[in-house]
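Asks: What follows is the residue order along each chain.
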Amino acid sequence: MSGLIERLDGFRLRIPPSYKPGMNGPVIVYADPVIEKDLENSALEQAANTATLPGLVGAALAMPDIHSGYGFPIGGVAAFDARDGVISPGGVGYDINCGVRLIATSLEAGTAAKRLQDLSLRLYAGIPAGVGAGGGVRVGRREQEALLTGGAAWAVNNGLGRPEDLGAIESGGALPGADPDAVSARALERGRDQLGTLGSGNHFMEVQEVTDVYDEDSARAFGLFKGQLTVMLHTGSRGFGHQVCTDFIEVMRAAAARYGIALADQQLAAAPFRSTEGQRYFGAMQAAANYAWANRQALTGLTREIFEKVFGMGAKALDMRLVYDVAHNIAKLEEHEIGGKKLALVVHRKGATRAFGPGHPELPAAYAPYGQPVIIPGDMGRASYLLAGTGGAMAETFGSSCHGAGRLISRGEALRRARGRRIADELAGKGIWVRSSGRETLSEEMPEAYKNVENVVAVVTGAGIARRVARFRPLAVIKG
Amino acid sequence: MFEISAGSGDATLKAGADSAEGLFRELALGFSVLSRSGAEVRPLEKRRVSLSAPDGESLLVNFINELVFLLDTQGFLPAGLEGMVSLAGNACRLEAELPGETAPPGLRQDGKLAKAATYHALKLELRDGIWRAEVTLDL
Chain A
155 MSGLIERLDG
165 FRLRIPPSYK
175 PGMNGPVIVY
185 ADPVIEKDLE
195 NSALEQAANT
205 ATLPGLVGAA
215 LAMPDIHSGY
225 GFPIGGVAAF
235 DARDGVISPG
245 GVGYDINCGV
255 RLIATSLEAG
265 TAAKRLQDLS
275 LRLYAGIPAG
285 VGAGGGVRVG
295 RREQEALLTG
305 GAAWAVNNGL
315 GRPEDLGAIE
325 SGGALPGADP
335 DAVSARALER
345 GRDQLGTLGS
355 GNHFMEVQEV
365 TDVYDEDSAR
375 AFGLFKGQLT
385 VMLHTGSRGF
395 GHQVCTDFIE
405 VMRAAAARYG
415 IALADQQLAA
425 APFRSTEGQR
435 YFGAMQAAAN
445 YAWANRQALT
455 GLTREIFEKV
465 FGMGAKALDM
475 RLVYDVAHNI
485 AKLEEHEIGG
495 KKLALVVHRK
505 GATRAFGPGH
515 PELPAAYAPY
525 GQPVIIPGDM
535 GRASYLLAGT
545 GGAMAETFGS
555 SCHGAGRLIS
565 RGEALRRARG
575 RRIADELAGK
585 GIWVRSSGRE
595 TLSEEMPEAY
605 KNVENVVAVV
615 TGAGIARRVA
625 RFRPLAVIKG
Chain B
0 MFEISAGSGD
10 ATLKAGADSA
20 EGLFRELALG
30 FSVLSRSGAE
40 VRPLEKRRVS
50 LSAPDGESLL
60 VNFINELVFL
70 LDTQGFLPAG
80 LEGMVSLAGN
90 ACRLEAELPG
100 ETAPPGLRQD
110 GKLAKAATYH
120 ALKLELRDGI
130 WRAEVTLDL
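For the protein sequence lines, the chains are A and B, in the order given. The working numbering applies: residue 155 is where the first sequence begins, and numbers increase by one. The working numbering applies: residue 0 is where the second sequence begins, and numbers increase by one.
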């Protein structure tokens with residue numbers, strides 16, 4: 155593979171369409187020489203495979219946090235013409251609308267420092283997390299349909315947030331095409347008691363401090379200032395989304411054979427977007443996306459209550475305003491300008507974040523002059539970032555950017571490297587309180603298991619597909 | 000015989016046996032060990048599973064996904080498999096009872112919750128009279 159990759163400039167590599175039979179376009183990999191050193195061949199191979207699917211528009215894209223996934227790589231973006239292109243559950247991933255939200259507070263980290271340990275303990279006790287954690291908001295069968303169509307608004311209407319939150323969520327926290335009838339009874343059952351739960355693996359809640367502000371005007375518009383205490387939350391659609399994906403991989407395998415779609419990998423199973431199968435998946439996927447937004451909204455409600463108790467302050471004084479909420483596992487029907495013409499595209503972002511530039515009509519009015527907030531979590535020992543979308547992203551990545559640091563080593567290798575170490579104590583030595591329900595989670599998720607987010611952010615900002623607004627350091631981390 | 004190895008966001012379950020039923024039994028046992036971090040699962044109750052699929056790979060993935068569903072919704076883990084598995088042609092079937100145990104969530108806390116079985120790097124083959132399978136589970 156390495157001999158076939160062409161370096162276009164300091165931040166871009168290109169895999170030509172001649173690399174493998176059936177490719178309908180090239181792959182553009184966003185990587186500088188530092189990121190290139192750690193690129194997995196298997197992930198690049200997967201990016202090339204996505205380019206073989208029918209209806210690809212432009213290039214398949216690989217963000218600098220790319221790593222190997224199932225079918226599509228994680229950190230991949232691929233857009234297909236809505237008229238004759240495909241939709242693929244593998245291009246969205248199992249955790250549909252896994253995403254991140256950032257919540258501001260009125261507090262300064264310095265003044266909150268002596269309550270941090272108590273805060274981390276109360277968050278750990280109050281936020282259902284970990285393997286198989288139910289214990290969230292139990293939703294009856296009749297209510298489930300309202301939840302699946304209402305998304306975050308359903309949670310707000312049930313006392314788990316504020317109406318103004320909705321304006322600060324990608325797509326307003328609900329996709330209008332959700333089709334509860336396309337969702338299986340099994341998905342409904344798996345989702346019934348998992349709303350308002352964090353889950354396990356790399357999902358987290360993190361209390362952070364704004365350490366650096368790179369653009370004062372944007373930061374002010376987003377409600378952020380240096381030294382501020384903030385909360386970052388990473389989770390998705392839980393067992394519900396997984397079941398939707400599981401159900402439709404089977405449907406799409408059969409559909410691909412029926413429509414004559416050659417699959418380089420079974421996990422790329424796909425159907426024409428306009429087909430019955432494609433539309434049913436799109437409806438079910440949107441329902442799962444709405445479930446995820448309701449989940450993050452419910453967790454926001456719980457978090458605010460805990461903060462109010464710990465700091466003994468009312469909601470108004472604490473001012474826990476939602477800065478933004480982004481999806482990073484999703485397929486969306488979007489209009490983009492291609493070769494001077496506006497085209498309806500099915501944009502798959504799997505481990506990639508929407509990053510619309512300034513003036514885009516989907517942005518909240520207060521944010522429109524600055525571009526969409528793009529939330530990039532790092533690892534639990536170093537840093538996270540808030541970026542903003544750019545015109546460059548609109549021009550070359552269908553308005554997309556990276557989604558995080560990206561794993562560097564496997565869970566197994568992380569466990570081996572952590573043997574004999576006390577990860578929680580190491581982090582505590584750096585002033586970071588960590589609580590985890592899983593015995594091995596901290597080892598698997600230790601900082602060096604991930605790429606350095608600084609290197610990932612350097613590429614997307616260097617390439618002009620996002621720009622820095624603020625940087626955060628972790629103070630307290632709750633892991634599943 | 001089964002073996003579990005950890006990947007970046009997943010685990011790979013490998014198993015081998017001299018019959019299709021044996022293979023699926025080993026996969027069920029491996030799934031339980033992964034989910035309960037090695038703690039014993041007792042045959043205290045049973046679940047009936049009936050599956051059909053157009054090919055063996057699909058039957059294998061659907062079977063593990065059945066285990067995922069039972070674990071995620073009921074906390075049930077298998078201690079074995081009793082029944083019939085056919086991996087012949089394009090009408091593969093599994094009719095079986097799974098003896099096992101409903102584990103309280105606290106007992107599962109140290110294990111891994113597999114959220115889905117995938118077709119990623121899936122292997123199913125009969126070689127030298129031994130059925131072998133390798134399936135990647137998303138965690």
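Honestly, the hints are just simulated from the structure, not real lab data. Be a bit skeptical, because a hint or two may be false.
[To be verified] Using 25 Å as the maximum straight-line C-alpha spacing, the simulated SDA-like pairs for lysine to any residue come out as follows:
hint: 1; chain 1: B; residue 1: K13; chain 2: A; residue 2: E299
hint: 2; chain 1: B; residue 1: K122; chain 2: A; residue 2: E297
hint: 3; chain 1: B; residue 1: K13; chain 2: A; residue 2: D347
hint: 4; chain 1: B; residue 1: K122; chain 2: A; residue 2: E404
hint: 5; chain 1: B; residue 1: K45; chain 2: A; residue 2: S196
hint: 6; chain 1: B; residue 1: K122; chain 2: A; residue 2: R458
hint: 7; chain 1: B; residue 1: K13; chain 2: A; residue 2: D369
[Unchecked claim] Chain A stretches covered by chain B per the calculated footprint, using a threshold of three residues with CB under 8 Å from any CB of chain B:
hint: 8; stretch: 521-530
hint: 9; stretch: 576-590
hint: 10; stretch: 616-628
[To be verified] Simulated DEER-style distance windows between Cβ atoms:
hint: 11; chain 1: B; residue 1: A38; chain 2: A; residue 2: G321; range: 55 to 63 Å
hint: 12; chain 1: A; residue 1: E297; chain 2: B; residue 2: E2; range: 52 to 60 Å
hint: 13; chain 1: B; residue 1: S49; chain 2: A; residue 2: Y413; range: 26 to 34 Å
hint: 14; chain 1: B; residue 1: L125; chain 2: A; residue 2: Q271; range: 54 to 62 Å
hint: 15; chain 1: A; residue 1: G493; chain 2: B; residue 2: S18; range: 53 to 61 Å
hint: 16; chain 1: A; residue 1: D335; chain 2: B; residue 2: R131; range: 51 to 59 Å
hint: 17; chain 1: B; residue 1: K45; chain 2: A; residue 2: E160; range: 55 to 63 Å
hint: 18; chain 1: B; residue 1: E124; chain 2: A; residue 2: K174; range: 24 to 32 Å
hint: 19; chain 1: B; residue 1: S4; chain 2: A; residue 2: D335; range: 47 to 55 Å
Bear in mind the structure is a predicted one, so any value in this text is a computation, not a measurement. A virtual CB, placed ideally from N, CA and C, is assigned to each residue, including glycine.
Asks: Within 25 Å, alpha carbon to alpha carbon, are B/K122 and A/E297?
Replies: Distance ~41 Å between B/K122 and A/E297 Cα, so the pair is violated.
Asks: Are the Cα atoms of B/K13 and A/E299 separated by 25 Å or less?
Replies: violated (39 Å)
Asks: Is B/K122 close enough to A/R458, meaning Cα to Cα at most 25 Å?
Replies: violated (47 Å)
Asks: Go ahead and decide if the range 51 to 59 Å is satisfied by the Cβ distance of A/D335 to B/R131.
Replies: violated (40 Å)
Asks: Taken at face value, is the distance from the CA of A/D369 to the CA of B/K13 at most 25 Å?
Replies: violated (51 Å)
Asks: Between A/G493 and B/S18, does the beta-carbon spacing fit 53 to 61 Å?
Replies: About 59 Å separates the Cβ atoms of A/G493 and B/S18, which means 53 to 61 Å holds.
Asks: Just to make sure I understand the rule, a stretch counts as covered if three or more of its residues have a C-beta closer than 8 Å to a C-beta of the chain. Does the stretch 616-628 of chain A meet that for chain B?
Replies: With 0 residues closer than 8 Å to chain B, the stretch 616-628 of chain A misses the three-residue bar; violated.
Asks: Range hint 47 to 55 Å: satisfied by the CB atoms of B/S4 and A/D335?
Replies: violated (40 Å)
Asks: Hey, B/K122 versus A/E404, does the alpha-carbon distance stay inside 25 Å?
Replies: Given that 25 Å is the threshold and the Cα spacing comes to 17 Å, the pair holds.
Asks: Are 3 or more residues of the stretch 521-530 of chain A near chain B, judged by a Cβ distance of less than 8 Å?
Replies: It is violated, with 0 qualifying residues against the three required.
Asks: Regarding B/S49 and A/Y413, is the given constraint of 26 to 34 Å on their beta-carbon distance met?
Replies: Since the Cβ atoms of B/S49 and A/Y413 sit about 30 Å apart, the hinted range of 26 to 34 Å holds.
Asks: Quick one: are B/E124 and A/K174 within 24 to 32 Å, going by C-beta?
Replies: Holds, since B/E124 and A/K174 (Cβ atoms, about 25 Å apart) stay within the stated range.
Consistency with the previously given hints fails for numbers 1, 2, 3, 5, 6, 7, 8, 9, 10, 11, 12, 16, 19, ordered from lowest to highest.
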